[in-house]
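A.B. asks: Read off the chains here:
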Amino acid sequence: AQTVTQSQPEMSVQEAETVTLSCTYDTSESDYYLFWYKQPPSRQMILVIRQEAYKQQNATENRFSVNFQKAAKSFSLKISDSQLGDAAMYFCAYRSPRDDKIIFGKGTRLHILP
Amino acid sequence: ETGVTQSPTHLIKTRGQQVTLRCSSQSGHNTVSWYQQALGQGPQFIFQYYREEENGRGNFPPRFSGLQFPNYSSELNVNALELDDSALYLCASSWGTSVDTQYFGPGTRLTVL
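Those protein sequence lines, which keep their order, are chains A and B.
Residue 1 is where the first sequence starts when you use this note's numbering, and the numbers rise one by one after that.
Residue 1 is where the second sequence starts when you use this note's numbering, and the numbers rise one by one after that.
What the hints contain is simulated information worked out from the structure, not anything from laboratory work.
The C-beta atom is built at its ideal place from N, Cα and C for all residues, glycine as well.
One should not assume that every hint holds.
As the list claims (entries may be wrong) - According to the in silico footprint, chain A covers these stretches of chain B (three or more CB under 8 Å from chain A):
id : region
1  : 20 to 27
2  : 53 to 66
3  : 84 to 94
Take these sequences, add in the hints, and give me the full structure.
C.D. replies: Below, the structure written as structure tokens:
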């Protein structure tokens with residue numbers, strides 16, 4: 001069974017600085033999809049970024065980028081120029097193309113210090 | 001374009017009761033997935049509905065059941081509520097059952113006393 005591990009329950013970063021959130025996963029599949037979701041206090045889960053395992057190029061969305069290391073089964077999220085609105089719970093997630101469910105990690109709570 | 005909506009926002013029930021939670025999918029989406037998020041945890045997959053049929057299920061007992069309607073809205077029903085059912089229930093909609101991105105609603109907070 002696939003698992004997703006986020007080893008940092010909480011992190012803090014100064015506004016305008018860069019922060020990296022860690023995620024590792026375990027799977028025996030070679031083809032899969034990885035996601036980072038953001039959940040602010042409003043509770044709505046928002047997709048931040050998505051990576052297909054067959055793509056070697058790391059995904060980027062504006063200030064958000066990932067470091068996808070397939071052999072190491074690592075999928076970290078880098079947030080550049082952190083803003084107060086980035087404060088939220090961040091969940092790393094895995095999805096197999098043969099399954100319908102998304103498997104989430106336990107999340108990392110990110111605090112932005114003004 | 002209308003996003004995913006859920007009702008009610010909050011709900012309080014007592015142990016043994018039954019509850020129905022509702023979800024309206026995003027316009028154009030035909031697939032709805034339901035997740036349970038306990039406090040301090042990541043969401044856990046309950047089941048998915050595609051074109052009105054259950055299309056995958058997580059490790060949840062049969063007292064968790066669902067429906068999807070012709071307009072692709074969906075219900076999650078939980079019978080014989082237990083204290084551990086207290087959680088945030090999220091629904092997510094998508095187009096198809098492939099790896100198309102799932103879009104989440106704001107959730108229903110269920111408290112079981």
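A.B. asks: Taking each numbered hint in turn, which are not upheld by the structure, reported in ascending numerical order?
C.D. replies: Hint 1 is the one this structure does not satisfy, whereas the remaining hints hold.
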